[in-house]
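**Q** What follows is each chain in one-letter form.
4 protein chains.
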Amino acid sequence: MRFRSDVTVKLVRSLADDEGVVQAARVSYEGENTPSAEAEGLINFLMRNKHGSPFEHNSMTFYIEAPIFVFREFHRHRIGWSYNEESARYKKLEPVFYIPGRERKIVQEGKAGTYTMVSGDEEQWEYVEGLSEWSYKNSYRMYTRLLEEGIAREVARNVLPTGIYSSMYATCNARSLMAFLALRTDDPSAAFPSKPLREIAMVAEQMEDLWTEQMPLTAQAFKNQRRVAP
Amino acid sequence: MRFRSDVTVKLVRSLADDEGVVQAARVSYEGENTPSAEAEGLINFLMRNKHGSPFEHNSMTFYIEAPIFVFREFHRHRIGWSYNEESARYKKLEPVFYIPGRERKIVQEGKAGTYTMVSGDEEQWEYVEGLSEWSYKNSYRMYTRLLEEGIAREVARNVLPTGIYSSMYATCNARSLMAFLALRTDDPSAAFPSKPLREIAMVAEQMEDLWTEQMPLTAQAFKNQRRVAP
Amino acid sequence: MRFRSDVTVKLVRSLADDEGVVQAARVSYEGENTPSAEAEGLINFLMRNKHGSPFEHNSMTFYIEAPIFVFREFHRHRIGWSYNEESARYKKLEPVFYIPGRERKIVQEGKAGTYTMVSGDEEQWEYVEGLSEWSYKNSYRMYTRLLEEGIAREVARNVLPTGIYSSMYATCNARSLMAFLALRTDDPSAAFPSKPLREIAMVAEQMEDLWTEQMPLTAQAFKNQRRVAP
Amino acid sequence: MRFRSDVTVKLVRSLADDEGVVQAARVSYEGENTPSAEAEGLINFLMRNKHGSPFEHNSMTFYIEAPIFVFREFHRHRIGWSYNEESARYKKLEPVFYIPGRERKIVQEGKAGTYTMVSGDEEQWEYVEGLSEWSYKNSYRMYTRLLEEGIAREVARNVLPTGIYSSMYATCNARSLMAFLALRTDDPSAAFPSKPLREIAMVAEQMEDLWTEQMPLTAQAFKNQRRVAP
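Protein chains in written order, with the working numbering: chain A, 149 to 378; chain B, 149 to 378; chain C, 149 to 378; chain D, 149 to 378.
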């Protein structure tokens, strides 16, 4: 049994750079009335004017390890995203489970669409860690027992919790990634602030860092536009 | 605590009939060289020739109750589908869990992409029912305890199993529904047989029945074409 | 030969109302922390917080007549849109052509991504009307001649101009419609102003009026949020 | 003025190989019951069983020059496709026009959804070539005149015919490309034969050749499955 408080995000394949945005934009927009072909100015112009299509001609494939409850939210992003997730029908899942780290706020205060999350006290933390571990262990033991009795993986796995880790390949382009980041990061500079689940934000933040290395001018233009996806 | 072996599928809103297919097709295809405007012939012509777009101008909203592991597969259908699922961040989930019914095959035989499912023996059934119930009860008790300690719903729910029931609205059109049915039903007449998870097939079969009442000629044409979605 | 300066937009089928948004949202968000179930407040909450999915469970089918150059832009809207357009492969196109009305600005001033459109002078208007008509007539005569010689419609139509009228069915939902309206209307109240082609804006404005009749609270919430699509 | 009978298709950027399909599939399907990890067998298994998602984690960007009437059909492919086409709002279009080559069948025989195309006689060819050229020249002259009078490009271009060449970047993945090829090529080996417009088939054939160089095992598996896209 392993207990983790983090997520894994790796960029496994990528064909994504700022130059590709410029090239695609030039096919559409080049003419007398477009800004100079200088990349930075053009990319900011596209972002500001919500010309989104030039940001689509690229591809990034990420390998992600995260709990199932994160992937449940992730898969709601339908457009410009491709997924292949580990299947509990085809293989036995490993006993790796999520326990929140101490920096994760675990208590909710307030009401009616306006609540905020705050840290718990020591006793609450001990409950989260102790009860989660105990529950995870018990569920996994039942899973193992069912498999030992010859029950199919696709039936035995029903008892496994959404806190178990899974893994997937997720492929997107810069435009679909920005739409994801706008909703799944919690950034005070955003024109439209979002309050995502902390664990999907942990994935999103790592994706943003990896993307920024690939397409620095585009990532900067996204920030300049206060994280409004084009 | 409730244990269920079935799923709920209701058609809550629908604007879908065969006549709408005919009307849309006439905009595109009417002219000297199309079949007579008689609905049945035209719909079969469209299905056979993979003219898919006339099947998109309609809408069906289903209310579905099923275990989370079913919704996990369902949400992989991205195109022409809209979802709103109950959120465990916003409300406490009810203790309703899935136990396979006796007609569900629970043992896997064979190997390498060619396995088949067979019924279990009495002892195996008792294990599935007994261990699943026991595991579900334990997980839900831990969930309740965490909530009682003031832990946020979005943290406490991590211990809940994928066998717990959730509910959602799912909206599609006839074309996106046919693509779903082709993959998520197990029908010997299909040109491209599929081996879906039994529980999602239970949902799919009910959706197909409800759809067939709305669009009988289209549903028949889908069958005539051996369940190949246009 | 007919010359038109307008476009036709009719709502031919619709299953769209504010109540459907509320019902879908309640499946996902109802719980202790959501706003009161009162429709107007809930819809504004969803729009403001970019919870877009509840706006997808509805359907509107429009019949549109507009020049081909409008449909060229329209078809770039890929997601949540279904189209069936009149086909020049299947039938002979009617001689109906677009001439700008006098309120349409026809002269471009300024440069480099910042130009504005202004009205032309009388002489320029006479050129637009006279040369367009003359050119349209000539193209259509060549088209007719080719058909008379037994040439296939799909070959003869190559000479027809993009100013010829076509017709289509276009089906969308409130969310995909808002994304379209945000880009294809020119509204000074918009948070992100757009400078669409005037002729597609003429279509968009009529669609917005028809939609507003169906979903008045949703349309008002879109305006309240300065036309930022969720 | 230039008259062309061909289309240009270049692969400008590509991150696409068979190994990527295998890697993505292994995340989902690897386990006791999948075929050996050997690439060819696995890819054929995926294609045969319509496991389409592993074919999505790749990207190909094509540069295409073709007449507008080809792009009109192309843009109807919405899913897994990104486009940036030359804009007649932003720049003056060049006088390059399409005239069918002699191998293109230009006469239609038969009726009611079952017509076939046949070659024309010498006189018919002379009409197609002569009238098309004459019509194109006249339309382009009117376009030029309008521009000379100071009329905006976006108004003047309405008189230009759909036979004028445009250019675009089109980005897809192997799955969306196969869906396109299944409909837009005319191949007697296809399980579901299609009768595409000849000119879009000319584009599709070149795309297929370029794709086959990138992903030979996948392209062969597509052929093995009689061109049924997964």
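Calculated directly from the structure, the hints in this document are not laboratory data. Treat the hints loosely; a few may be bogus.
Identical chains share a label here; the pair holds if one copy fits it or two copies do between them.
[Stated by the list, open to error] In silico lysine-lysine, DSS-like type, Cα no more than 30 angstroms apart, as pairs:
#1 K253 x K285
#2 K239 x K253
#3 K371 x K285
#4 K285 x K198
#5 K239 x K343
#6 K371 x K253
#7 K343 x K158
#8 K371 x K343
Fair warning: this is a prediction, and the values are worked out from it, not measured in the lab.
**Q** Confirm or reject each hint.
**A** Now the hints, each set against the structure:
With identical chains, the CA atoms of K253 and K285 are at most 30 angstroms apart both within one copy (24 angstroms) and between copies (27 angstroms). For a Cα distance limit of 30 angstroms, the shortest separation of K239 from K253 across copies, 18 angstroms, qualifies, whereas the shortest one inside one copy, 34 angstroms, does not. Neither within a single protomer nor between protomers do K371 and K285 lie at most 30 angstroms apart by alpha-carbon distance, with minima of 43 angstroms and 47 angstroms respectively. For the homomeric pair K285 and K198, neither the shortest alpha-carbon distance inside one copy (49 angstroms) nor that between copies (36 angstroms) is at most 30 angstroms.
Taking CA atoms no more than 30 angstroms apart as the test, K239 paired with K343 passes between copies only; the shortest distance there is 16 angstroms, against 34 angstroms inside one copy. Only within a single protomer do K371 and K253 lie at most 30 angstroms apart by alpha-carbon distance; the minimum there is 26 angstroms, versus 35 angstroms between protomers. Proximity of K343 and K158 under a CA criterion of 30 angstroms is satisfied intra-copy only: 24 angstroms inside one chain copy versus 32 angstroms between copies. Both within a single protomer and between protomers do K371 and K343 lie at most 30 angstroms apart by alpha-carbon distance, with minima of 18 angstroms and 23 angstroms respectively.
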